[in-house]
Amino acid sequence: MAIRRRLFLPLLFGIPLLILAAATSPWWLLSIRSPFSRLFYYGAVKMALLDFSGVDVRFGRMGLEPGFASFRAEDMKITAGAAIESRVNSVVVRYSLPHMLNRRLAPSEIVVDGVRTVATTSEPLPDSLVHMKPTPLPVEIDFSRLSILLVSNVSSAVRFRPLPDADEVSVLLTNAVFLLRQASDTNPVVPYSFAFEGRFAVSSNALSSFRGAGRCAMDRLSPSELDADLDLEMRGVPIRQINPLLLAVAPFTARAGEFDYFINACCRSGRLSGITSLKTTGLRIQPNVRTAGTGLLNLSFNSWHFLIGQRDGTIEADCPVGGTVLEPQMPILAVLREQAITVNRNLRIRAADSIPTGTSRFMADKWEREASERSRYDDILKISRLEPAVRHFERGRHFEEIVRNFEFAAREYTLQVDEYPGERATGARALRAAARLYIDRLDNTAAAVAALRRLAAAYPDNPDADDALADAIDLLVEMKRYPEADAACDEFRRAFPHSSLRQQVEWVQRSISNLVW
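FYI, in our numbering the residues of the sequence shown are 1 to 517.
Be careful, since some hints might not be right.
For lysine to aspartate or glutamate, the following DMTMM-like pairs were computed, each having C-alpha atoms within a straight-line distance of at most 25 Å [what the hints assert, rightly or not]:
hint, residue 1, residue 2
1, Lys279, Asp229
2, Lys480, Asp443
3, Lys279, Glu197
4, Lys279, Asp260
5, Lys279, Glu258
6, Lys279, Glu394
Simulated from the structure, these hints should not be mistaken for laboratory data.
Between the sequences and the hints, there should be enough to build the whole structure, so can you do that?
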């Protein structure tokens, strides 16, 4: 009997304990508090990164939180060779447990806090990172239930050398925040909207701010499949901020001025399209003794100084975005260089025209042909992304300012009014611009008069309408078309009886009264 009692008591208490231990074993192995979780997850991460030979991940703690529907990782360190090192304070992923039991990870919320990255381009990135070919995960990832992804407290320092013989440049990023959520107006191609902002500095300069927004598809994030839209802007950045970059590639550095920079890009299946724009204000430069003009902006300092002086420190440049995610093409520096070349070419042609010899004319024609080849730049891609109702005006502005094809620009300004007469503000600006081109560039006063009179007739409520008709009257008098000028004066008095220009127009009408028949 004593032997039976000794067997009965362990069975009485041991079997329930064994059942309880078996039932709770996933918790003891997988929870964030488990002493075994570090060993279990470390092995799982190592297996998942077999194809990333240059990537190593270490962490302080990883595991499930109570309820098994939330996963947390803390104190993570990720290194990619000697090029990139990142530290993450915490990552929390909340997901649907029923889907997880069906071998599908359906995250509903992802929150990442405290990301710090240090990178240098002195060593190449592992090929596995560039081509993004990870080992297939044992579960299917479904982002259709993801409601929010928040990454906060992001800081990074990227060090690189623009040219082999240049000083090292560092780009610092601080206080960055990224927020992604399902868009209210769901687009099947890019159903998620995102926004981000932060502050940055180049080398040891003061911090400047940036912000951006866009849309993306969470199930197509690899560089070869990426579907996303992006709008990025940086406003009022001191140009002295980028002097460390200019030292290596330009014959000048900035003494003063600010710049605004914008990117509006679309990515479909990894291919980029869009527009990038740069505008400087108050730019003042000084010679750069570190370079003789080699690199991206290889023109003399005097060329750039003259261009900036001609435009009083304000320079605008647009160029298309192209290429792929891994090899983007944004040749905005080439557009700036072309503007400086055009200014110098015009100076040389004017100088050659002042010498009436066949040789100078031949050289002028040669410079024009070369400039024409260099100026084959058409930003149609940008135009196609604008609202149809303003495309003619923007195309005209582009061909006037960048391509310098004034005849084509004037025709586009006129088409703006022909096809979209209801766009009153844009139409008035377009007719004003067309008239200016006809007078200043195309020597066609009659066409200028027609554009100005059309502005006054089509948009009489526009603030420039009375000025336009008064200018048309002056041009008609200059052309000695007195009957038409007299009729235009009558038209002015009827259309703008309270204009401040009425007395001037009446004086013109009296002065030509004896010439009207």
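For each hint, the structure was consulted:
no.	hint	verdict
1	Lys279 <-> Asp229	holds (22 Å)
2	Lys480 <-> Asp443	holds (16 Å)
3	Lys279 <-> Glu197	holds (20 Å)
4	Lys279 <-> Asp260	holds (5 Å)
5	Lys279 <-> Glu258	holds (8 Å)
6	Lys279 <-> Glu394	holds (16 Å)
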